[in-house]
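Chemist: Residue numbers (the working numbering), protein chains in the order written: chain A, 194 to 451; chain B, 0 to 297; chain C, 12 to 318.
Heads up, a few of these hints could be off.
[Claimed, not checked] Partial selection, computed: residues in chain B whose CB lies under 10 Å from chain A:
1) V16
2) R17
3) R24
4) A42
5) T43
6) D45
7) G49
[To be verified] Across the chosen pairs, the derived CB separations fall in these ranges:
8) B/P101 with C/P40: 42 to 50 Å
9) B/R187 with C/L46: 30 to 38 Å
10) A/G206 with B/W27: 30 to 38 Å
11) B/A69 with C/G47: 36 to 44 Å
12) C/P35 with A/N338: 25 to 33 Å
13) A/Q383 with B/G108: 54 to 62 Å
14) B/I271 with A/G263: 38 to 46 Å
15) B/L78 with C/D288: 50 to 58 Å
16) C/Q286 with B/I271: 25 to 33 Å
17) A/Y333 with C/I305: 54 to 62 Å
18) B/R268 with A/T253: 32 to 40 Å
19) C/Q286 with B/R187: 53 to 61 Å
20) C/I305 with B/E167: 18 to 26 Å
21) A/T203 with B/T64: 34 to 42 Å
[Claimed, not checked] To be clear about the criterion: a stretch of chain A counts as covered by chain C if any three or more of its residues have a C-beta under 8 Å from a C-beta of chain C, and this derived list gives those stretches:
22) 277 to 284
23) 433 to 440
Simulated from the structure, these hints should not be mistaken for laboratory data. Note that the Cβ used here is the ideal one computed from N, Cα and C, for glycine as well.
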Amino acid sequence: MIQFESAEVTYPGGVHALQGVDLTIDDGELIVVVGLSGAGKSTLIRAINGLVPLTGGQVTVGERTLPGLGRRELRELRAEVGMIFQAFNLVHRTTVLSNVLMGRLHHVPSWRSLSGLYSPEDREIAMQALELVEVVEKAYVRAGNLSGGQQQRVGIARALAQQPRVLLADEPVASLDPPTSHVVMRYLQQINRELGITTLINLHFLDLARTYADRVIGLREGRLVYDGPAADADEAVFEEIYGRSLTADDVLEAQGGL
Amino acid sequence: MTETRSRPARSRLAEQVRPERPFARFRWTVTLVLTALLVWSSATVDASWGRLTEAPGRAVGFAQTLVANASLEPLGVALEAMWESIAIAWIATLIGAVCSFPLVFLAAGNLTRGRVKQPVRQLLNVFRAVPEIVLAIALIPFLGLGPVTGAVAMGISSIGTLGKLSAEIVESIDRGPLEAVEASGGGRLTRLRWAVLPQAMPEIAAFWLYRFEINIRVSAVLGVIGIGGIGGFIAQAVERNVFERIGLGLVVVILATMLVDAISSRLRRRLIEGPSPAAQARRERASVAGAEHEEDPE
Amino acid sequence: MSAPTGERPRRPSPVASARPQRRPRKPPPQPFTLLGLVGLAAFTLVTAWDWVLGIGFNPIALPGELADSNPAMVEGLFNITDADWRADYAELLRTHFTDPDSPWLLSLDSRIGSGLVETVQIAVLATLVGAAVSLPLAVLNSRLGAPNRTTHAVIKTLNNINRAIPDVIWAALFVVLVSVGALPGILALTMFTIGVVVKLTSDVVDGVDLGPVEAARAAGASHAAAMRTALVPQILPSFASFSLYAFELNLRGAAVLGFVGAGGIGQAMNYYWSQLDFEAVSVIIFVYLVLVVIVEQVSISVRRRLV
Numbered sequence: 194m195i196q197f198e199s200a201e202v203t204y205p206g207g208v209h210a211l212q213g214v215d216l217t218i219d220d221g222e223l224i225v226v227v228g229l230s231g232a233g234k235s236t237l238i239r240a241i242n243g244l245v246p247l248t249g250g251q252v253t254v255g256e257r258t259l260p261g262l263g264r265r266e267l268r269e270l271r272a273e274v275g276m277i278f279q280a281f282n283l284v285h286r287t288t289v290l291s292n293v294l295m296g297r298l299h300h301v302p303s304w305r306s307l308s309g310l311y312s313p314e315d316r317e318i319a320m321q322a323l324e325l326v327e328v329v330e331k332a333y334v335r336a337g338n339l340s341g342g343q344q345q346r347v348g349i350a351r352a353l354a355q356q357p358r359v360l361l362a363d364e365p366v367a368s369l370d371p372p373t374s375h376v377v378m379r380y381l382q383q384i385n386r387e388l389g390i391t392t393l394i395n396l397h398f399l400d401l402a403r404t405y406a407d408r409v410i411g412l413r414e415g416r417l418v419y420d421g422p423a424a425d426a427d428e429a430v431f432e433e434i435y436g437r438s439l440t441a442d443d444v445l446e447a448q449g450g451l
Numbered sequence: 000m001t002e003t004r005s006r007p008a009r010s011r012l013a014e015q016v017r018p019e020r021p022f023a024r025f026r027w028t029v030t031l032v033l034t035a036l037l038v039w040s041s042a043t044v045d046a047s048w049g050r051l052t053e054a055p056g057r058a059v060g061f062a063q064t065l066v067a068n069a070s071l072e073p074l075g076v077a078l079e080a081m082w083e084s085i086a087i088a089w090i091a092t093l094i095g096a097v098c099s100f101p102l103v104f105l106a107a108g109n110l111t112r113g114r115v116k117q118p119v120r121q122l123l124n125v126f127r128a129v130p131e132i133v134l135a136i137a138l139i140p141f142l143g144l145g146p147v148t149g150a151v152a153m154g155i156s157s158i159g160t161l162g163k164l165s166a167e168i169v170e171s172i173d174r175g176p177l178e179a180v181e182a183s184g185g186g187r188l189t190r191l192r193w194a195v196l197p198q199a200m201p202e203i204a205a206f207w208l209y210r211f212e213i214n215i216r217v218s219a220v221l222g223v224i225g226i227g228g229i230g231g232f233i234a235q236a237v238e239r240n241v242f243e244r245i246g247l248g249l250v251v252v253i254l255a256t257m258l259v260d261a262i263s264s265r266l267r268r269r270l271i272e273g274p275s276p277a278a279q280a281r282r283e284r285a286s287v288a289g290a291e292h293e294e295d296p297e
Numbered sequence: 012m013s014a015p016t017g018e019r020p021r022r023p024s025p026v027a028s029a030r031p032q033r034r035p036r037k038p039p040p041q042p043f044t045l046l047g048l049v050g051l052a053a054f055t056l057v058t059a060w061d062w063v064l065g066i067g068f069n070p071i072a073l074p075g076e077l078a079d080s081n082p083a084m085v086e087g088l089f090n091i092t093d094a095d096w097r098a099d100y101a102e103l104l105r106t107h108f109t110d111p112d113s114p115w116l117l118s119l120d121s122r123i124g125s126g127l128v129e130t131v132q133i134a135v136l137a138t139l140v141g142a143a144v145s146l147p148l149a150v151l152n153s154r155l156g157a158p159n160r161t162t163h164a165v166i167k168t169l170n171n172i173n174r175a176i177p178d179v180i181w182a183a184l185f186v187v188l189v190s191v192g193a194l195p196g197i198l199a200l201t202m203f204t205i206g207v208v209v210k211l212t213s214d215v216v217d218g219v220d221l222g223p224v225e226a227a228r229a230a231g232a233s234h235a236a237a238m239r240t241a242l243v244p245q246i247l248p249s250f251a252s253f254s255l256y257a258f259e260l261n262l263r264g265a266a267v268l269g270f271v272g273a274g275g276i277g278q279a280m281n282y283y284w285s286q287l288d289f290e291a292v293s294v295i296i297f298v299y300l301v302l303v304v305i306v307e308q309v310s311i312s313v314r315r316r317l318v
C-alpha cells in the first residue's frame with residue numbers, strides 16, 4: 194500500500210510541484226496519473242522512491258515512510274520500486290543484458306557489480322525479465338542499436354529484474370509512435386495483471402489513460418483534482434483536469450501522422 | 000518470489016529462444032595485448048622494483064633534511080629562474096602565434112584548395128611531430144645553449160600545434176557570413192577580415208593562451224638540458240643533493256604554474272564567452288545615453 | 012560593409028512611416044580589449060628585452076645568429092650534403108644500432124638500442140599503470156562522480172598540483188627517492204599520465220547522459236555501483252583515446268628523463284653529448300624520431316576509430 198499524507202514538494206526555485214496531496218493506493222492497482230506538463234506528475238511518482246525529496250507531509254510505501262529514511266533504507270525502498278523513464282535511460286554502449294542487470298545492483302555484492310561478474314542466478318532473473326517483454330533475442334545486442342519501442346521494453350525488463358512490488362512509469366510512451374505506444378502499454382498492463390505489481394503510470398493522452406487504467410488520478414498545479422475509476426473519466430473530467438478544452442495533442446489516435 | 004510471480008507468463012513465452020553469449024573478440028584481444036605488454040615491460044625493464052619499498056623511508060629523510068635546512072635564501076634565485084621559464088614560454092608562444100597565423104588560412108579546407116592545404120598541413124605536422132628537446136639540440140650549434148634556443152625550439156613546436164588547431168577552428172566556422180561577404184563582392188582579404196576572423200579569432204586566441212600554459216611546463220622540462228629556467232635550478236639541486244633547494248624549487252614551480260593557469264583560464268573563458276551580461280548592459284546603456292550628442296554613427 | 016564611405020547622402024527612409032530613430036553612438040573599445048593589448052605588449056617587451064628580466068630575444072638579429080654557427084657541431088649533427096659524412100653516418104648507425112646478424116636487423120644490445128627499448132618500456136608501464144589509476148580518479152574528479160564535495164575538491168586540488176609539476180621535475184624528485192635507473196622514469200611518467208588522463212576524462216564526465224545514472228539510483232544501486240554501470244561505459248572510449256594520447260606524450264617525454272638520470276634514450280644522448288660525439292647524438296635523434304613518428308601515426312589511427 195502506498196499512502197500520501199498532505200505531501201508537499203517545493204523546488205529550490207520556489208516552484209510548488211506538489212501541494213497537500215492525500216492519496217491511498219492499494220496493492221495491485223493500475224493507476225494512470227494525468228495532467229498537463231508541469232502539473233506535478235513526475236514529482237508525484239518520484240516522491241514515491243525518494244528521487245525527489247518531500248518538503249512537507251509524508252509518503253508511506255509498504256512499511257517505510259518518507260522522509261526520514263537513512264541512505265541504506267532509501268536504497269532498500271528503491272530496490273522494491275521499479276522505475277521506467279520517458280527517455281528509456283539505457284546505457285547505449287553496453288549490451289541489453291548489462292542494462293537489465295542494472296536492476297540487480299541492489300542485491301549484488303559490490304565486487305560483482307564493480308567487476309561486472311554477475312552470478313548465474315542474477316543473469317537468470319535478467320533473462321526471465323527480458324522474456325516477459327519478449328526481447329530476449331536481443332540480449333547481447335548493444336542497447337543503442339535497438340528501436341525506441343524495443344529500448345522501452347528493455348527499460349521495463351530492467352525494472353522487472355528488481356523483482357519490484359511497485360512499478361513507476363514516467364511518461365513511458367511520450368517518445369514513441371502510436372502503435373508502439375500501445376504495445377508498451379499492453380506490456381505494462383499484462384505485468385500488472387499477471388505479476389500483481391502495483392503500477393503507476395504518468396500519461397498525457399486521455400485515450401490511453403481510459404483504455405489501460407483501473408483508476409485515474411488528475412493533477413493540476415500540484416494539487417489532486419480528480420481521483421476515480423477510469424470508466425468515469427470522460428472528456429468533461431479531462432477538461433477539468435487540464436483547465437482548458439481538449440485539443441488534438443491530448444489524444445494519441447490524433448497523432449497518427451508521426 | 001520470481002518463480003511464483005512469473006509462472007503465469009511462462010507458458011506464453013515458452014517459444015522464445017535465448018541467444019548464445021557471443022565471444023567478445025575485441026575485448027579479449029585488447030586484454031591479451033595489454034597484459035602481454037605489461038608482462039614484457041615489467042619483466043625485462045632494468046628497474047630495481049625493490050627500491051620502491053625504500054622510497055617512503057627516503058621520503059621521510061628527505062623531508063627531515065628539508066625542514067632542518069629550510070631557508071628562504073635561495074628564493075630570489077628560484078624566482079628569477081621561474082621568471083625566466085615564464086619568459087621563454089611567452090616568447091615561444093608569440094613565435095608560434097605570429098608564425099602560425101598566416102599559415103592557418105592556407106591550411107583551412109574551407110578557404111583554400113587541397114593543392115595548397117595539403118603541403119601546409121604536412122609542414123605543420125612535421126613541426127608538431129618533432130619533440131621540443133630534439134629541436135633544441137638541433138639548434139644548439141647555431142644559437143648556443145641558452146633561453147633563446149629554448150624559446151625558438153618551443154616556438155617551432157608551437158607553430159605546428161597552433162597551426163593545426165587554429166585551422167580546425169577556421170574550418171568549423173559558419174559558412175553564412177562567408178557567403179554574405181562574397182555576395183557583396185568582397186575579395187579574399189575582405190572575407191578573412193569580416194567573415195572569418197570575427198568568428199574564429201576568440202577561439203584561436205584562447206588556444207594561444209592554452210599553448211602558453213603548456214609551454215611553461217615544456218620550458219621547465221628543457222631547463223634540464225641547460226637552456227636555463229626553473230628546470231635547471233631543480234636539476235642542479237638534485238645533482239648536488241641540496242634538498243632544501245629542491246623543495247623550494249618545487250613550491251615555486253607549483254605555485255607559479257597554478258597561478259598562470261588560473262589567470263590564463265579566466266582570460267580564455269572571457270575570450271570565448273564574451274563580457275559578462277552585466278558589463279555588456281552597462282556599456283549599452285552608456286552608448287545609448289551618449290547618442291544624442293553624436294552626429295555620425297558607425 | 013564594403014560600400015564606399017566617401018560621401019554619404021542622407022537618403023530618406025524608403026518606408027515613409029519610419030519614425031525618427033535614435034542612432035546609438037559607437038561604443039568605446041572594451042576595457043578588456045584595451046587593457047589586454049597593452050598588458051600583452053608590455054609583458055612581451057619585458058620578457059624579450061635583453062635586460063634584467065628578459066631573455067634577450069631579438070627577432071631581427073636572429074637570422075644573423077643562426078648563420079653564425081659552430082661548424083664542428085653542425086658537421087656532427089647534420090652535414091648531410093657531404094658524401095664522406097654520409098658514409099661515416101651509415102657506419103655509425105651500423106655500429107651503434109643495426110646488426111646484420113640479428114633477425115630484427117637492429118641491435119638492441121647497443122647503447123642506443125637498449126636505451127630505445129628502455130624508453131618504450133618506461134612509456135608502456137607508465138601509461139598502463141597511470142591509466143589504470145586514472146579511471147576511478149577521473150570519476151571522483153567530476154561533480155557527478157564524487158560522492159561528496161570534499162572528495163571532489165581534494166582530488167581536484169591534488170591533480171592540479173600534480174599537473175603543475177612537469178614530468179622531468181617529477182623524475183628528478185623520484186631520482187632522489189629511489190635513485191637512478193628506469194624506476195624513477197616510470198614513476199614520473201605515471202604521475203604525468205594521471206595528470207593528463209584524469210583532467211581530460213573528467214571533462215568528458217560532465218557531458219554524459221544522466222538518464223542511466225538516474226535509472227541506476229532508482230534501482231537502489233550504491234553510488235559506486237551506479238558510477239560503474241551507468242557512467243563508466245559512457246566515458247570508456249574517450250578514456251581509452253586519452254590514454255593512447257598520453258602514451259604518445261610519454262614516449263616524447265621519456266627522451267628527456269635520461270638527462271636527470273631517470274633512464275631511457277636520454278641517458279645515451281646525455282652520454283654522447285658529454286663525450287662531444289655529435290654524430291652519435293644525431294644517430295640517436297634520427298632513430299628516436301622514426302620511433303616517435305611511427306607510434307604517433309599508429310596511435311592516431313587507432314584513436315580515430317575509438318571515438
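Chemist: Just tell me: holds or violated, for the beta carbon distance of C/Q286 and B/R187 against 53 to 61 Å?
Modeler: 54 Å, holds
Chemist: Using 10 Å as the Cβ threshold, decide whether B/T43 counts as touching chain A.
Modeler: 29 Å, violated
Chemist: Between A/Y333 and C/I305, does the beta-carbon spacing fit 54 to 62 Å?
Modeler: 37 Å, violated
Chemist: Is the interface hint satisfied for B/R17? The criterion is a beta-carbon contact with chain A at less than 10 Å.
Modeler: 6 Å, holds
Chemist: Does the Cβ pair B/L78, C/D288 satisfy 50 to 58 Å?
Modeler: Given about 37 Å between the Cβ atoms, the range is violated.
Chemist: Does 34 to 42 Å hold as the CB distance between A/T203 and B/T64, or does it fail?
Modeler: For B/T64 against A/T203, whose Cβ atoms are near 60 Å apart, the range 34 to 42 Å is violated.
Chemist: Quick check: does the Cβ-Cβ distance between C/Q286 and B/I271 fall within 25 to 33 Å?
Modeler: Check failed, 50 Å falls outside 25 to 33 Å.
Chemist: Lying within 30 to 38 Å: is that true of the beta-carbon distance A/G206 to B/W27?
Modeler: 50 Å, violated
Chemist: Okay, C/P35 versus A/N338 on CB: inside 25 to 33 Å?
Modeler: 55 Å, violated
Chemist: Could one say that the CB atoms of C/I305 and B/E167 fall in the range 18 to 26 Å?
Modeler: 24 Å, holds
Chemist: Cut-off 8 Å, C-beta pairs, minimum 3 residues; does the coverage of the stretch 433 to 440 of chain A by chain C stand?
Modeler: n = 0 at 8 Å, threshold three: violated.
Chemist: Could you say whether the range 42 to 50 Å given as a hint is met by the Cβ separation of B/P101 and C/P40?
Modeler: 25 Å, violated
Violated hints, listed in ascending order, are 3, 4, 5, 6, 7, 8, 10, 12, 15, 16, 17, 18, 21, 23; each of the other numbered hints is respected by the structure.
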